[in-house]
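Position chains B, C, D and E with the ligands relative to chain A; hints supplied.
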Amino acid sequence: MASGIRLENLRKSFGATDVIKGIDMAIEPGEFVVLVGPSGCGKSTLLNLIAGLETVTSGNVLIGGRNVNKVPPRDRDIAMVFQSYALYPTRTVRANITFGMETRRVPKDAQESALAEFAKLLQIDHLLDRKPGQLSGGQRQRVAMGRALVRQPAVFLFDEPLSNLDAKLRIEMRTEIKKLHQRLGKTVVYVTHDQIEAMTLATRIAVMDNGHIRQFADPATIYENPVDLFVAGFMGSPPMNMIPGRLFHENGQVFVLPRSARERIRFPLDGPAGQGEGLADGREVMLGLRPETIFAAGAKLPGPHRFLFEAPVEVVEPTGPDTMLVFQIGGQDLIARVRPEDTATPGATFRFEVDMGKAKLFDAGTGMAL
Amino acid sequence: MASGIRLENLRKSFGATDVIKGIDMAIEPGEFVVLVGPSGCGKSTLLNLIAGLETVTSGNVLIGGRNVNKVPPRDRDIAMVFQSYALYPTRTVRANITFGMETRRVPKDAQESALAEFAKLLQIDHLLDRKPGQLSGGQRQRVAMGRALVRQPAVFLFDEPLSNLDAKLRIEMRTEIKKLHQRLGKTVVYVTHDQIEAMTLATRIAVMDNGHIRQFADPATIYENPVDLFVAGFMGSPPMNMIPGRLFHENGQVFVLPRSARERIRFPLDGPAGQGEGLADGREVMLGLRPETIFAAGAKLPGPHRFLFEAPVEVVEPTGPDTMLVFQIGGQDLIARVRPEDTATPGATFRFEVDMGKAKLFDAGTGMAL
Amino acid sequence: MRARRTDGIVRPSGPGAIALRVLLFTLLGLFCLYYLFPLFVMVSTSLKSLAEIREGSFLALPRAISFEAWAKAWGSACVGVRCDGLQPYFVNSVMMAVPAVLLSTLLGALNGYALTKWRFRGADIIFALMLFGAFIPFQVVLLPMARTLGELGLAGTVPGLILVHTVYGLAFTTLFFRNFFIGVSDGIVNAAKVDGAGFFGIFFRIVLPMSLPAIVVTVIWQFTQIWNDFLFGVSFTVGDSNPVTVALNNVVNTSTGVKEYNVDMAAAIIAGLPTLLVYVVAGAYFVRGLSAGAIKG
Amino acid sequence: GGTVEVLHWWTSGGEARAVGELKNSFEAEGGTWIDSPIAGGGGDAAMTALRARVVAGNPPAAVQLKGPGIQEWAEQGALADVEDVAAAEGWDAVLPPVLAGIMKYQGEYVAAPVNIHRVDWMWANPEVLAKAGIGTMPTTWEEFNAAADALLAAGITPLAHGGQPWQDATIFENVVLGVGGADFFRAALVDLDQDALNSPTMVAAFDQLRRMRGYVDPNFSGRDWNLATAMVMNGEAAFQIMGDWAKGEFLAAGKVPGQDFLCAPTPGNGFVLNSDSFTFFKVSGEDNIAGQKLLASLIMSPGFQETFNLAKGSIPARTDVALDAFDACAQRSHEDLLKATEANALVPSMAHEMAISRSVRGEFLDLVTEFFNSDMSSETAAERLAAAVKRAM
Amino acid sequence: MARAIERRLPLIVVSPLFAVSLFFVYGFIAWTIWISFTKSGVMPVYDFHGLAQYERLWATPRWYVALKNLFVFSGLFIAISMALGIFLAILLDQRIRIEGAIRTIYLYPMALSFIVTGTVWKWILNPGLGIEKVMRDWGFSDFTFDWLVNPDFAIYTIVIAGVWQSSGYAMALFLAGLRSVDDEVIKAAAIDGAGPWRVYTGIVLPALRPVFLSVVIILAHLAIKSFDLVVALTGGGPGFATDMPATFMYAFAFQRSELGVAAASAVMMLATVCAIIVPYLYSELRGARR
Ligand SMILES: Nc1ncnc2c1ncn2[C@@H]1O[C@H](COP(=O)(O)OP(=O)(O)OP(=O)(O)O)[C@@H](O)[C@H]1O
Ligand SMILES: Nc1ncnc2c1ncn2[C@@H]1O[C@H](COP(=O)(O)OP(=O)(O)OP(=O)(O)O)[C@@H](O)[C@H]1O
Ligand SMILES: [Mg+2]
Ligand SMILES: [Mg+2]
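Keeping their order, the protein sequence lines are chains A, B, C, D and E. Taking this note's numbering, the leading residue of the first sequence gets 7, the next gets one more, and so forth. Taking this note's numbering, the leading residue of the second sequence gets 7, the next gets one more, and so forth. Taking this note's numbering, the leading residue of the third sequence gets 40, the next gets one more, and so forth. Taking this note's numbering, the leading residue of the fourth sequence gets 841, the next gets one more, and so forth. Taking this note's numbering, the leading residue of the fifth sequence gets 1263, the next gets one more, and so forth.
Extracted from the complex, chain A is given alone in its bound form:
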């Protein structure tokens, strides 16, 4: 039932502007692939190419092994959920959902039973006779989902389907989508701006930038082992702290000396980051420390690779479950995520502890992970 998708050296230009610049990608049947990337990087365009809503400039799109470059959307066996839902405003919820089956001349009773099944599943069975204008955002979203699901296509495409919902509903719908995917096992390609969504839904995440795919891997790998500065900086909120500095060796140990740091702090690379190759003395690097790996000294269970340092706190931002402490090293704003009970006062010096076992190291020039 689920089909794989292959993109072969896919390119797309609008007039003179290249938007998709040669993408190769193989999506296994049943996978849940999430596309992330900054605004305008070409995510929607890529989805449209797969859907057949835009023609490819060069390269191939294969769905279930079949080249569909010239196949119109309706014959690709796909369904799509749009950011703005794109419900048919003049049709009732029922008619919205059955429209795809009508056009395919599915028998009436088969339509009815499919409708009933998914309306129940999505808890919209009491809304079937309303028009989209009479629905709340979350309800619309579910109708859009229902419209896509009911046709039981081989591939689902989602273009930021949750971005118009409020936080609570978003979390709910996210869980729904995850459950549905697990139940139906269809191939899904999903575009989102929301990193939590990406991390929790995806079997693999593709990080796009400017028409290219930077990294295509499972969520843990993306988060733990970003291939470059772009991916590292893109995932995580607040984003990974980046400290420009220089390597130096002492006593068989590699350290990072932050640039222009008056504080004379040196971060020991005693974790995996220190095991890489080419860690030559004096090399310009970027040290990446995620906010949650910096915490109040003594606040967490003792572990290996811990490194203590002190710095004056600039801003204290309690967010509820956590408190963010903004401090500076080498004139660079850094953020630490500490527990609400680790009280700090702006201006006062604070003792931080950092788990260097989770530090990342990037080449300052190329931005590639070392």
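Hints in this document: simulated from the structure, not taken from any laboratory. Idealized CB from N, CA, C, for every residue including glycine. Errors might be hidden in some of the hints.
[Said to hold, decoys possible] Examples of chain B residues toward chain A, derived with CB under 7 Å:
#1 H199
#2 I202
#3 M205
#4 S243
#5 A370
Positioned in the frame of chain A, the structure of chains B, C, D and E with the ligands alone reads:
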């Protein structure tokens, strides 16, 4: 310079629908008050009433001690930043910013110097001759801020000013706003959907629901001591876990017995939650446990009021910095926020530890905190 | 008209504000008089007897209301040798205007839809070239059009007139619909494509039902234009198939005999009644439709 | 039997009744009558429609069309001849030769006249004249001017006039006839002789016209001729210079000639001829051709000529119809017609499209109207008239 | 195969309509241009005759009157209709409860045909029947309002009637435009201290630029095509003082049987139309590509 705001039994109806249902509120000069609440609860309406963009149905609005019920917006000495920025599309950035001064016949050179000051502050001095259409979202946002700031009014009103920005820019702008408030010390009333924004910016948060103010207190209080289920459920992402159950006493200790829990778990109320009054045996209550207070057994430093229990994990959601574990007690989905390294497999039993010192207790009937 | 969210803005109160309000309503009232004045003259004249018209001032209200002129204009005024009033010609106009309006609206919608939602190479040029048709003075095309109708065997027939109105209405209807469809999200069309609908399926089942505001504006505009047309009607129809405007002209523009002003006015009102009715009934939708995108802005 | 479609602009009053007569007679003979009336602008709208119809290849069988217009259409090959009817009924013998010539193209009848109108009539209200002490109708322009001045002095509008180009031209051509005589009229307004157009006589004619402009009430512009007639009838004005169709208005109002109103020719001892006719267009189909012939024959029948002209106020085109049933003015018209024919003083009307093509006539109308509505000098007017006519030829 | 047809369907649908337009608009324009170079009189003839008709046209004084009238009329008509349209739209925008009724009153003249409009206004403006008479009957015996019959002023009566008929439409367009201005922008201006006057002049009207353009185009095209109104109201008179290119063309083609001159004047009119429409189309299409 900054004025306080008093709302006295304020009501507003549109035709037959009551939108603001009697609000009393006193905002001190220089405060930063954030209004939060579900969509449609009347936040924008309240802001509009303060601004004079809607007439009050009954009650009073006082700004700086003066009743302004019949004073048109321009004479209220306020400035407002709108969600859509509401820049004047045909005027340049410069003319957008100076418009308010022009209408008030501020001398040309005073205009110029005010413009120069704030343009510099907001880093838009190189954009002054552009039209709004030629600006990016973040730049527009700053122009809208500039337009409000330059007039140096006594009160600032913000209606979801950051909701159209992407995550990264949002964090940046949030910090800017906080800095500006600290610098200028003006009274601010700020509407947002974003809880992190609310928590980090506010000196006090007002949680609104359905035309009423449920709680008006500083962020920590709102988060730590919500007055009722609504406020507790509204703040926090993922939201507080709510476990319906019954109280019972044993050995001088109060416990919560979750309803219909086959697992026969009982939560000991040995923290502050157990100190309240009226904790009669058999009372129907809601036990509130925030996800971050439930963690993997042994993952955090030992502390008082810890309680261990086991439950099979249903869903594992790694979000990057944390991993969410969904499990059930009494047929109720609960979420625990654990560290990424606390690996769990769906279906397997997991040992959780909960900090009962942070547990909240609510009456099941009224929803009020006990 | 949608309620404005700016209606609640607190306004200055006091005597100055009240005076302004009074001024506002005075002005509005004066303009109402200006616009209603001719209609008043028409209606009151049509209700007077000839004798009263000759004696009194045209501003005076009728002393005794008489519907005789109306009856005559409708059923027994002479148009040439026929004395059946406007009635038969009124029917002609309906037979001509209804199909022409529907046809030109439908084709305009189809055109606008194809040009905006299925953009193909040259769509803009095609649109620009078609739009020019809206601005061509009709006297210019009279003779070649007559020739063409002759060649088509449609000379002097109602279908011929329908063709003419459809052809020259197309430019405006296309313009209206194109401007409307530009504002309709492509997402809906894309969704329908993915749902398996084709060009016509999307048009008839999704897009057309959505375009009610544009349809209202277009139908009103076309109906007014076509119903009120005189030049084409007089040139391309024969005697009994004349539209009501030609008949009205024959009643009003006579050069001999006593001028029956009351009958003239009654006839004029009767001939204008359908369009008037359309504006009164659908006027609100007209402005709403205009703001829904039938104009640029 | 047969079918005939008739395009005309006689849509009301006596004219419409007259056409109704024709229709009734036609239907009495078993024919089918399709009526295509198009009112407005003295036939302009009808001409527009006619052109469209002919271009479309779908002309009506008979059109109310006259004068040189007949020749123009004939030259386009658009007309059908009814020579067999005319020959059989001997039309040549009963029509004035000038008129017969207009009806023929290359010697064959293509049109049938229904009437003869005299354009150079002057109508007056005797009561009003009496008030100003005027006993008789003026016979020269000098007398007219004197009478008008007297009327002005008595506070009465001397001349009822409607400011429409054709009405201006009607006065103009009558003035030309009176000032220059029939030969000059023919030279200037029929043969379009440049010397005649730009001659002192023409200047004198314009001078007289200028004078008459002063006798018109200030509110004359755009007024229909019948309203001007009504002014005379009601005593608001004394004179009207208008063709004999004006008499239809007097009669319709129950006025008696010689008693309630006076008629006299304008100065000049001529006869300015106007005639309505039906012109036959080429149609196809037995039925249509039969209908056309039947119509031709009916139009020229003495019975129809009498009824029609009694209704319309003109005199029959046939000279052999007895005028006993007609009023004194019509009888005077008939006598003058015969006299003028003999004296070679019968001229076709320029203003009423009997003399020259529509394009040249248009230039005349433009100029006369402009002269009448401005303070152009007579000399300039004559010069410009000559130039305009030259341009249009 | 079916798929190929399907893919070209939009083009297949548009093409015949486009072809019809090409023929009925551009074919006929070409025909007119050709006729303007022939010696056509009563009926079209097709032999080339050079520029004679244009020389004739530009030597005809009446043509200059028509041109001058066109400029006077369209200038005043467009300016007054627009000014009145904006003014009324703004008045109606002041939270008037009976707005719907008033709007209908302002809009209804648009529904009436020229014969009706012309007949009534002719009567009202006629000094002997209308306002002047009424005023004099009321005792203002010196009151004079004789524009209709005064060659120097008659053109302004056409402006009066034209404005009466079209300003409501301009009002509707402007009102629609006003209503489409973002509410928050207006609120922002109110807070910025702008009174209603400043809100309109400083913020709202500048934002209506595209609407202005649309209104100008629609009014200009009405002005250029203004044939009906002239015929009904003055018939081109007094004299030919209110002649316009459209009536000029009509008179020459159908009253005078001078098709050649008429065609030449039609070509001049088309050139004027082009001069106005082409820039409009350009901006329209450039706007669509944004
Ligand atoms: N039809 C088009 N013509 C020209 N350029 C286009 C077209 N569609 C998209 N683009 C351009 O291609 C780029 C990629 O657009 P796309 O919509 O795929 O971005 P995206 O990654 O989906 O962004 P977002 O996150 O904002 O939705 C953008 O720069 C956009 O301006
Ligand atoms: N002018 C109005 N007329 C009628 N109802 C209105 C009007 N303005 C607001 N409302 C209603 O009042 C309620 C509160 O609206 P408001 O805009 O204040 O909500 P909000 O809290 O700002 O919501 P959101 O978070 O979605 O912006 C809504 O139900 C809305 O529909
Ligand atoms: Mg996108
Ligand atoms: Mg809001």
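A quick look at each hint next to the structure:
no.	hint	verdict
1	H199	holds (6 Å)
2	I202	holds (5 Å)
3	M205	holds (5 Å)
4	S243	holds (6 Å)
5	A370	violated (21 Å)
Hint compliance for this structure: hint 5 alone is broken.
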